[in-house]
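Participant: Residues per chain, in single letters:
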Amino acid sequence: ETGVTQSPTHLIKTRGQQVTLRCSSQSGHNTVSWYQQALGQGPQFIFQYYREEENGRGNFPPRFSGLQFPNYSSELNVNALELDDSALYLCASSLRRAGLTDTQYFGPGTRLTVL
Amino acid sequence: DQQVKQNSPSLSVQEGRISILNCDYTNSMFDYFLWYKKYPAEGPTFLISISSIKDKNEDGRFTVFLNKSAKHLSLHIVPSQPGDSAVYFCAASSNQGAQKLVFGQGTRLTINP
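These protein sequence lines map, in sequence, to chains A and B. Number 15 in our numbering belongs to position 15 of the first sequence; there are no gaps in the numbering. Number 75 in our numbering belongs to position 75 of the second sequence; there are no gaps in the numbering.
Be a bit skeptical, because a hint or two may be false.
As the list claims (entries may be wrong) - Capping the alpha-carbon separation at 25 Å, the derived lysine to aspartate or glutamate pairs in DMTMM-like fashion look like this:
| id | chain 1 | residue 1 | chain 2 | residue 2 |
| --- | --- | --- | --- | --- |
| 1 | B | LYS56 | A | ASP84 |
| 2 | A | LYS13 | A | ASP84 |
| 3 | B | LYS5 | A | ASP102 |
| 4 | B | LYS71 | A | ASP102 |
| 5 | A | LYS13 | A | GLU75 |
| 6 | B | LYS5 | A | GLU75 |
| 7 | A | LYS13 | B | GLU42 |
| 8 | B | LYS54 | B | GLU15 |
| 9 | B | LYS5 | B | ASP55 |
None of these hints come from the bench; they were simulated from the model.
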């Protein structure tokens, strides 16, 4: 069974640029959630994708967007990068079933640095 | 508004003794609680969870206690081992909507030999 994978591991961008981060779900999972973890803080929920549609969003501006593909992999896109976007971006996958809350399993993260 | 709080940024425990990590929450809609462990340069690793219909869940050396009236949960690790040294995050979610996880700020646990 393959766990959650993310790419790239590290990324350096300059302010104003755009970035795409990628995530492959754990086998058998149909839901992907993205989190931002700033230094010294707990992860903050960005959004969740289920059946290729956004299924909930945290307090992040529209320049944060995402996609989920038929194989349940996902992308996080951030436009017009700002210095405060520097953080660890975590992807988590889970199996969503009606009426049940399922454990989210995390990937290793992508460390984004904005200069 | 910090809905999940871990008030101890760090904790130091001697090897073999019990480690107790605490977490408080404010949102009464939360009905599922989890603990994750995180090593540097890795993603959070799931440890143990508890549903609001229970007050205790045990898995090997790890036990989570939930006190709904106090909106408080704790993670007990016994006996503590050097490999337990990591940052521990408490997280909560609701069965409504996106079931997003709301995390505390984390507690850095150091196990001393």
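Participant: Each hint should be assessed against the structure and marked as holding or not.
Facilitator: We went through each hint and held it up to the structure:
1. B/LYS56 - A/ASP84: Since the Cα atoms of B/LYS56 and A/ASP84 sit roughly 39 Å apart, the hinted pair is violated (cutoff 25 Å).
2. A/LYS13 - A/ASP84: With a Cα-Cα distance of about 12 Å, the restraint between A/LYS13 and A/ASP84 holds, given a limit of 25 Å.
3. B/LYS5 - A/ASP102: With Cα atoms ~22 Å apart, B/LYS5 and A/ASP102 stay inside 25 Å; holds.
4. B/LYS71 - A/ASP102: Holds, at about 21 Å.
5. A/LYS13 - A/GLU75: Distance ~17 Å between A/LYS13 and A/GLU75 Cα, so the pair holds.
6. B/LYS5 - A/GLU75: violated, 30 Å
7. A/LYS13 - B/GLU42: holds, 21 Å
8. B/LYS54 - B/GLU15: Outside the cut-off at roughly 29 Å; violated.
9. B/LYS5 - B/ASP55: holds, 19 Å
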